[in-house]
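Residue numbers (my numbering), protein chains in the order written: chain A, 1323 to 1437; chain B, 36 to 149.
Honestly, the hints are just simulated from the structure, not real lab data. These numbers come from a predicted model, not from an experiment. For glycine and all other residues, C-beta sits at the position ideal for the given N, C-alpha and C. Treat each hint with caution, since some may be false.
[As the list claims (entries may be wrong)] Now the in silico label distances, taken between C-beta atoms and shown as ranges:
no., chain 1, residue 1, chain 2, residue 2, range
1, A, Q1403, B, Q38, 23 to 31 Å
2, A, E1391, B, Y45, 39 to 47 Å
3, B, V89, A, T1342, 39 to 47 Å
4, A, F1340, B, K104, 45 to 53 Å
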Amino acid sequence: GNSVTQMEGPVTLSEEAFLTINCTYTATGYPSLFWYVQYPGEGLQLLLKATKADDKGSNKGFEATYRKETTSFHLEKGSVQVSDSAVYFCALRGNSGGSNYKLTFGKGTLLTVNP
Amino acid sequence: EAQVTQNPRYLITVTGKKLTVTCSQNMNHEYMSWYRQDPGLGLRQIYYSMNVEVTDKGDVPEGYKVSRKEKRNFPLILESPSPNQTSLYFCASSITQGATGELFFGEGSRLTVL
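Chain A with its partners taken away, still in its complex shape:
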């Protein structure tokens, strides 16, 4: 079945530091890839997505590129802010029907950014 492996953390950075959170996946067919963010006490919200190989998703200064050759979708940001402190989830969604339409999540990475 489908699976997602991401860097577990926690990750602690100073403001303006560079962020990378690694994510690799295993899936059949041509999944779509997502990064979701969960701020303290809130639900998950979509940060960015990519639906085919070599696509780059971007939002709020975050970027991730769908690399089919390395089955990866690493999240990056050039300069983090305190407000980026949250839990980040890498996820994939399969396209071969039924149960494969679910989002399969990594275990999440807690990011704390200090001033």
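Given chain A, put chain B in place with the hints provided.
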């Protein structure tokens, strides 16, 4: 405003006392799903529904029931809750049955079973 609404947001109950967590979406989405979130385990799918009257098991369906009588509602039923069902629950919906659509999540329901 487009949203997924869950109720209750917080609940403390006792073993064996039936409860229902409601979920409603106002986006006319066909696909709806329930997840539970536990420390160190991430989010795991409980049940999903491709459309009205069509439901199926996810990865961890034991101890749960669902129904989909209307497109907008997808309640999660715990017939006889047990302490191992203490968790944070999320309902989600999607506009498309395909892979490219994002899931929209509710704010979560934190359940404690004593």
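So, going through the hints one by one against the coordinates:
At roughly 26 Å, the beta-carbon separation of Q1403 of chain A and Q38 of chain B lies within the given 23 to 31 Å, and the hint holds. Here the CB-CB span from E1391 of chain A to Y45 of chain B is close to 45 Å, well matched to the stated 39 to 47 Å. Evaluation of the 39 to 47 Å hint for V89 of chain B and T1342 of chain A yields a pass: the beta carbon distance comes to about 40 Å. Between F1340 of chain A and K104 of chain B the Cβ separation comes to about 50 Å, which falls inside the hinted range of 45 to 53 Å.
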